[in-house]
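Asker: One-letter residues, chain by chain:
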Amino acid sequence: MKRVLLALFLISFALPSFAQTRIEVTEGVIEPLPIAIPAFVAETPNAAGLAEEIRTIVAADLVGSGLLREIPREAHISQISGFEAPIQFQDWRVINATALVTASVSLSTDNQMVVKFRLFDVASQQALGKGLQFVAPQGTWRRIAHKVADSIYTRLTGEGPYFDSRIVFISEEGPKNARKKRLAIMDYDGANIRYLTGADDIVIAPRFSPNAKEVIYTSYETGQPSIFVMDVDSGSKRQLTTLPDMLFSPRFAPDGRTVVLSQSRGGNTDLFRLDPFTGDSNQLTVSAAIDTAPSFSPDGSQIVFESDRSGGQQIYIMPSTGGEAERISFGDGRYGTPVWSPRGDKIAFTKILGGEFYIGVMDIDGTNERLLTRSFLDEGPTWSPNGRVLMFFRETAGANGAPNLYSVDITGLNLRKVSTPFFASDPAWSGVLQ
Amino acid sequence: MKYTIFAAAAMALLVAGCDTVPGGNSGLAPAGAGDPSNPDSVAYFQQTVGDRVLFQVDQSTLTTVAMATLDQQAAWLLQRPEINVLIEGHADEQGTREYNLALGSRRAAAVRDYLVSKGLTDGRVRTITYGKERPLEVCSTEDCWAKNRRAVTVVEGGVGS
Chain A
0 MKRVLLALFL ISFALPSFAQ TRIEVTEGVI EPLPIAIPAF VAETPNAAGL AEEIRTIVAA
60 DLVGSGLLRE IPREAHISQI SGFEAPIQFQ DWRVINATAL VTASVSLSTD NQMVVKFRLF
120 DVASQQALGK GLQFVAPQGT WRRIAHKVAD SIYTRLTGEG PYFDSRIVFI SEEGPKNARK
180 KRLAIMDYDG ANIRYLTGAD DIVIAPRFSP NAKEVIYTSY ETGQPSIFVM DVDSGSKRQL
240 TTLPDMLFSP RFAPDGRTVV LSQSRGGNTD LFRLDPFTGD SNQLTVSAAI DTAPSFSPDG
300 SQIVFESDRS GGQQIYIMPS TGGEAERISF GDGRYGTPVW SPRGDKIAFT KILGGEFYIG
360 VMDIDGTNER LLTRSFLDEG PTWSPNGRVL MFFRETAGAN GAPNLYSVDI TGLNLRKVST
420 PFFASDPAWS GVLQ
Chain B
0 MKYTIFAAAA MALLVAGCDT VPGGNSGLAP AGAGDPSNPD SVAYFQQTVG DRVLFQVDQS
60 TLTTVAMATL DQQAAWLLQR PEINVLIEGH ADEQGTREYN LALGSRRAAA VRDYLVSKGL
120 TDGRVRTITY GKERPLEVCS TEDCWAKNRR AVTVVEGGVG S
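Protein chains in written order, with numbering that gives the first Met the number 0: chain A, 0 to 433; chain B, 0 to 160.
If we strip away everything but chain B, and leave its shape as in the complex, we get:
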């Protein structure tokens, strides 16, 4: 995978709010707490930094868009070393249940590995798979499936809420 920090950062500015789903909640974690204009809030992390990345069908490879989002996550998290995160890996409904658990695990690990490569210590990042158990969107078209093929970085506490 080739990229540069500069290109990724530029991409992030261009696509923030397009690839990410602002203000959403993962379907599991509570919606972001705090004032979204406060950079220390969970809401800010979810909405402005971008708490999720999306994947292609049956893939766990990070897209350049995804890497840009994760660069922002890493930067935010590196400034807040007291915060741990849980990466939830999810799949769309177009796969068998147990395979999708394994696929969600792969996606979560891809995000974890990337964040660790950016300097987060391994112990700060836990992963979990939900497979197709917790779709965010409920329609059965590619519009919804694309949003369900996601890995969500859930802030596990320590921030101003």
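Chain A on its own, in the form it takes in the complex:
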């Protein structure tokens, strides 16, 4: 097990900021904030390449959020010659930079990396927050780049961070009627992909444990759908329970001490709550309907799930210990795959209406439904750690139809394909890594 230690020091001389450069994130049109990210200063000669790689990732994160726009480097008038050199704010103002990032990278002979950065409000010529310094092994440079970008993003938007996070998903290859599926994990931006299972058995719908060190998923390797928990670093796995029923849709509770899953017996599918250590289980729903696709509220007290107890697929909320469920979806069509937002105030879902699939969000009382995407088949949203972005999969129609991952801002803007080596489905987003 490799443990990444991120040493974080405040640079003492930076001033607290009262500047006003801040994006107001509201619904509707977003005017991306213009930001200048000049070359990062290489403080040791061997850090030049690394400095540029880190700068590229920081810029890609910020621009990819849809909330910022990078001023092309060709337009820059002055350069940042040294991390401590005076800044010619006028040069940045005339190219309409609202915010400016300066940074330096050094690399010691034992491959320890030091990354420093500052963020400035160009108009007021003041620092936005304190300068930060990261000391970490060179091999963690992508994570450090995401951490830098998260700091900048958080200061400029007031939103929580999300770039230093991972996605677990299903990588898919082969023809539509004989798909090969593998469990896979990658950084949120598609980098550092690793395959966690072979392609021999169908695997479905993975989810992270709360600390993102484990993944829980459904596999057919026993000959029927069963639940497995895998340690992400070691790849070791164990079957959660040997209950003789078909089991799927497992989810960890936010405290990691409980798993809720669907158990299908005699054609009836109900939700059960399972102790992942003892295997003890108790039944949460007792309807003759299909009850599946659970998702915990962030505080663990409630579960949102889908049921066809009213005749069609709809979304319900119940206490996480079971009990009376309240239906919250009432629009036209069918509603499935509800996912509670990390902020606690929204439910994301898949909606099926008129032969098309939508990804949407609603408040937890079912009001304020907004549809963000639409296609032949959009399914399975998952929330970014800050509740700002949804990732889902979009499958194209026809004999050569196949799924890919996409992300979209909760405003419905900034729809982006997430690049993966093969087809991909069933994404689940981790929290921000520790």
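No lab work stands behind these hints, which were simulated from the structure alone. No incorrect hints appear here.
Simulated coverage check for chain B against chain A, where a stretch passes if three residues somewhere in it have a Cβ under 8 Å from a Cβ of chain A: (1) 95-103; (2) 133-145.
Covered stretches of chain A (in silico footprint by chain B; criterion: 3 or more residues with CB under 8 Å from a CB of chain B, positions within the stretch not fixed): (3) 193-204; (4) 348-354.
Computed spacing ranges between beta-carbons, pair by pair: (5) B:Asp142 with A:Arg342: 41 to 47 Å; (6) B:Thr120 with A:Ala198: 35 to 41 Å; (7) B:Thr140 with A:Asn110: 53 to 59 Å; (8) A:Asn110 with B:Glu141: 56 to 62 Å; (9) A:Ala190 with B:Ala74: 56 to 62 Å; (10) A:Leu414 with B:Val56: 25 to 31 Å; (11) B:Asp142 with A:Ala198: 26 to 32 Å; (12) B:Ala74 with A:Gly310: 33 to 39 Å; (13) B:Thr140 with A:Ala38: 52 to 58 Å.
Note that beta-carbon positions come from the ideal geometry of N, C-alpha and C, so glycine has one too.
Based on the hints, put chain B in the right spot on chain A.
Answerer: Just chain B, lined up with the frame of chain A:
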């Protein structure tokens, strides 16, 4: 659900080869082994008896056509008590993944319950759902979806192959 044995049997004669998909394979089980003209072969079961039934959109209710096919399956299986079967429930792609697993489970159970009602002992019939994981047909039109909304009775061994 109302039907008579007589009506169902007559229906089977009329629609065999229409509702079923002769000679196909479920997408999972190997294609039928043996000589299809030999009534003891898996190929005969698949092609002549009919190894699958189809469902309406988002439904698990057996149609009269489906029941006729299952009557033939039950008759064939009752004559061969050494044979066990696995019922695979499948769904088309027009549904979410986990819901479709549950729907496939329902469809498999509907077939299992029917076969048991015809006299098969419970222990001879296992069920599994594949949801939308293993479509038989790959186009994205109702023609294909109709064939993918299926429950396939897979002979698990013991027959002349």
